[in-house]
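Sequence order for the protein chains is A and B.
The first sequence: position 479 = 479 (the numbering used here), numbered continuously.
The second sequence: position 657 = 657 (the numbering used here), numbered continuously.
These are computed hints drawn from the structure, not numbers from a lab.
Warning: the hint list may mix true and false statements.
Same chains, same label: a pair holds when it works inside one copy or across any pair of copies.
[Unchecked claim] Derived lysine-lysine pairs resembling DSSO-like cross-links, with alpha carbons at most 27 Å apart: (1) K289 with K357; (2) K573 with K395; (3) K729 with K718; (4) K49 with K661; (5) K63 with K694; (6) K315 with K395; (7) K115 with K661; (8) K520 with K643; (9) K43 with K643; (10) K49 with K35.
2 protein chains.
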Amino acid sequence: MKTKTLILILILLHPLAILHAEQHPGLFLTPKGVKEIKSSLGKYPTFDKSVDELKKIADEALKSDIIVPIPKDGGGGYTHEKHKNNYYEMSAAGTLYQITGRTQYAQFVRDMLMKYAQMYPTLGLHPAVKSDTPGKIFWQALNDAVWLVHTANAYDCVYNFINEKDRSYIEKNLFYPMAEFISNGNSKNYAVFNKMHNHGTWATAAVGMIGYVMGNKELVDRALYGSNKDGKTGFIRQLDVLFSPDGYYTEGPYYQRYAIWPFMTFAQVIQNKQPELNIFSYRDSILLKAVNTLVQCAYNGEIFFLNDALTKTYKTQEIVYAVDIAYKNDPANTSLLDIARQQESFVVSDAGLAAAKALKKNKIKPFTYHSLLLRDGQNGDEGGIAILRAGEPDKQTCLTFKATSHGLSHGHYDKLSIVLYDNGNNILPDYGAVRFLNIEPKNAGHYTKENYSWGMQTIAHNTVTVDETSHFDANMKVSSTYHSDIQYSNLTNSDFQIVSGVENNAYKGVQLQRTTALIKNEDFEFPFTIDIFRVNSDSVHSLDFPFYYRGQMVSTSLDYQKYTTELKALGTKNGYQHLWLEATAKTDKSNTSFTWVNGNRFYSIATISNTNSQFMMTRIGAGDPDFNLRYEPCFMIRQPNVKKHTFVSIIEPHGLYDLSKEVTVNYQTSIAKIELLKDDHEFTVVRIQTKTNKSFLMITVNSNFGDNKVHSTIIDSKNISFKGNYYFKKYMK
Amino acid sequence: MKTKTLILILILLHPLAILHAEQHPGLFLTPKGVKEIKSSLGKYPTFDKSVDELKKIADEALKSDIIVPIPKDGGGGYTHEKHKNNYYEMSAAGTLYQITGRTQYAQFVRDMLMKYAQMYPTLGLHPAVKSDTPGKIFWQALNDAVWLVHTANAYDCVYNFINEKDRSYIEKNLFYPMAEFISNGNSKNYAVFNKMHNHGTWATAAVGMIGYVMGNKELVDRALYGSNKDGKTGFIRQLDVLFSPDGYYTEGPYYQRYAIWPFMTFAQVIQNKQPELNIFSYRDSILLKAVNTLVQCAYNGEIFFLNDALTKTYKTQEIVYAVDIAYKNDPANTSLLDIARQQESFVVSDAGLAAAKALKKNKIKPFTYHSLLLRDGQNGDEGGIAILRAGEPDKQTCLTFKATSHGLSHGHYDKLSIVLYDNGNNILPDYGAVRFLNIEPKNAGHYTKENYSWGMQTIAHNTVTVDETSHFDANMKVSSTYHSDIQYSNLTNSDFQIVSGVENNAYKGVQLQRTTALIKNEDFEFPFTIDIFRVNSDSVHSLDFPFYYRGQMVSTSLDYQKYTTELKALGTKNGYQHLWLEATAKTDKSNTSFTWVNGNRFYSIATISNTNSQFMMTRIGAGDPDFNLRYEPCFMIRQPNVKKHTFVSIIEPHGLYDLSKEVTVNYQTSIAKIELLKDDHEFTVVRIQTKTNKSFLMITVNSNFGDNKVHSTIIDSKNISFKGNYYFKKYMK
């Protein structure tokens, strides 16, 4: 079908869409926006800087030969990086053509597109295979889609510059076949295009965007409503399915960051092209919610490490896109400008300029991190993640508590795991993914095999492993059919925040129940954590409970034996093969403490112990033939031969270690004693005594939950009665 | 002798000194300075902030009970930290009394001094023993001296406030006996007071300062000219002996930082009290030189890790003192203001105000790091440290080359070792000291035993260990009688900087000769290093040459075997007991490469190898029963059974790893081949070929050095003739 004919059909069928469909540029930039940007240059230094960055890329490109190599290499390799560079260059040059009117930029885009159009029909599937959906320009169809998203923008910007003959050549040889390949090139690509998954989002965004530029309603509708155009798949359906009602993306924050890019990008295009769809209001403004949720899933601007994750900050381009576009479509949310300020860059588009202008006008509402419960699952009924925060912004204590569904192929077997940040540092980290993205010698930039043998396994996380076996025996299919549940939570009292989760299916016949509270109290220097982990079974098991910590070990109440001339791996499978056993200890004391230093603060874990408890200090790094792991330390409690056991621990930041001023204060835990006074199906009752002789009583209910239910129990011959799911009080004997 | 009588004698004997001797305050603050500070409040925000910090300390102190505990604990323990806190509080309160006139501050100082004066006569030696010079208030006489330096300032500030009776009581019971104890309390203290060592500097500064406040010429002269007042010891003599003519302090930069505090502090006091001594001009302005040298011994404001060293930046209070006082006494050196700006704090004193005022007036000359050769030894003839720098300020490549004398008790056995920084990161680090300063559970804050068994040993450093034995068999007495030598250096051509050092005595019958060049060249992305390490002997030896690296291993040309289920320590002594052997490799190739990533850049070592070469990947952490070590990795070359061997290596930063933009460029070394074309007593000739087919020839002379000597040698049948000690050129066949 010829473009002209198509446009004609569009005009007849879709009167509202026409106005916008014919306009170029019309994806990220509009003629009005271009005019505004031109008249704004020199007024908004950070926006100017972003323009300059594009200019640097485009000017560099203009100086070089246009090279469009035959696809050959995987991620990190030459042809991969070259094609990636090419789309950045085209997008930059196209945008600059609009802003400056310099025809050289447009010629560059046209000439490169012509080269791609010459090559594309000759291409078979990419020779490097990454997944079962190979691309043509890249090793994965996913990367082809990303290429097309950027290139659609470039083409949109120079559309009116290119003569009709060349346009026709490019569309016929490159864009149509590519859109066809991505959406329907083979059964795998078809499946991905119609899948509820971030790869599907990239695919629909790519096809939809090039469809809009070419004025091809068929492609646009395919993108919006799925291959069958029945709305059962496609971009709009993804909005229904891929986010929970709280805007949480089931794969976790790292992939939420990645997915948000095509979501917000394509949504902005839809908003420009079919404003009547009110895409940003769709499903109670789910996309705007998702952006807010994403920026909340961070500590000091660094996205949480949950499931497969690498280090990513607010400054990544995808979050710049997300924030600028979210602000443009929700200008009342001025706290987004505070993020834009931290990002120190803008998308060079209508949305970016809107954010830059507003920021200049000092319309900022300071962005603040909140404590949040983010429900998982399309309907919000598949568990969730709790984020508990306390203390001053920069030095905030932040604890995440994970009780979600599996999280698709990037999920980890880490039910009820916690991560702790404090004072600007990651104190009890999650390992994240074992991957060296785009580093070719590291398994071609893929996830390494240790991602599966280590990163995903339960023992790699701050939660309980039963019988040295991962949750659901590390079977994703099984794990994906279940989810943990949040039993109760209360995050509204900033002095006492609590969340309680349960996992009934990770091990047959074993119930895991964890209740974690973050407490600000005048008798403690900093917010501290009470952590109660109950394991219940009718049969005998061995429990391993690791605390991965960052920093230098300082002291412990244990009389441990460390291996100094020889180390052995702790096990042979399920992640244990990746731990060196560095030291072991037993104790006859009812309490055990372990202290380390990180930054200028000390941290202690004080935990209830008994003569049956075994303690291990381990270090990641065994079973690592290719130097793929980070060799980080761990303090681990093993409780063998138990049917029921409850770990009760206090995780406490304390003191000051100022090496610059050579000042040390409070290097010891302030906890004198932790006692488990009661632990049954109704209640767990814990008493804490500090070294300054303050006592605290904490009770969590273990069943019969309800904010308005009244409970009572007898402690030390005294009746204690309380309403709701928990009780915490300074204790008087 | 009563104070009044003494002053009378002083008046008679020392007419010039009188004027100043009677003035209070007169140490750091002068009446003129106080007046100026008062009228400046509110004008210099950073200075105000420093005043506020003192105010916070002092006001907090005023609210609390005055507690002067009986000395009991070591560093990090309660009484230690309390007494330290007390002197900070007194100094702050004294200073604020001068600035605000509030008598509560003065009362506080007086009352605390009275308590000290009551306690001091009852004290024996401190019960916790650190060194053979125990203190009374602290575990070391050193700390007592530091206490007195601060307290002398406090006393000076409130001198006129305290009535004569109380002054007399305080001086008689506290200051006189303390000054006496520090300078002459026992034979050890006497020896330290008269020793050419930083402990002696603190001791003389303390005694001299309290002497000035009390108007006691005896104490002052003792401090300035030694116990015998003959100038053979004492503060002035220290200026002759403890710094090299280049202002380098033989213990190394970390201790230069510590020593500079009493040096500059006391010098400022002397300048105020006896300006006729022109102390800052003494010995060609050695103190001002020493401050400049100190700030040059840093990378991005972090003091070099050489010998015993922990992390210290420009922001430490001692460097704030040094910079403010240096500027006050050398106002032409406005680049110091750039350091003051980075420090973001000032001493609340005449000097601090002078710096703050000048900084406000924008008199800054940007501080720049230079390449430098710092000679060691009183006469500058005991080897030295070369600092080679290239590239943009923040991302500068910086290589240190150590060929000094031993460096007293804090010296390491690391002749000809190098350290490399690049792109803001420490790439090839020096381990520094094994110590947790002021952390009581870590060997009471002392150096741990691993400082001796690991930190000081040769194998812990980026230099060659012969026969698995440390230099001088780790015997400090022997090591201290020798020093390495700089054979030649040229740091003036920013495109090609070179230094060559030799060590003839570390091993009997073995000569170590290292020549290292830092090169900026258009065929390389970043400055790179050529490193030629020659070992010469008539007998057979085994050589170990480690490269400690920071970052994640990426790739190597070696087919290595890594231990995955069991690790063993590499050895049993001389530091080898602290290395886990992680992997081994052999090769039949003439070149070997090893690549890692740190920050957003890749690094490769390319090195000449042969079938006799053994390669080991090791990790620090064995033999560490108390978790005192950092578990860092190392790439090590072993050349067994050689009489003569020359290691030739290229250390090359390359590429870009931008995880935020997901861009990877040039992850492989650009070196294709390194050849050793000639290696004899006259010349070492190296040819380097890049993967882009560029060739370079480098020659270093190994004897017959001289900038004007002409050498010639035949390479590839061509005669190459050159003047000076080296030759480097793009090579044409």
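Item to check | Numbers of unmet hints, in rising order | outcome: 2, 8, 9
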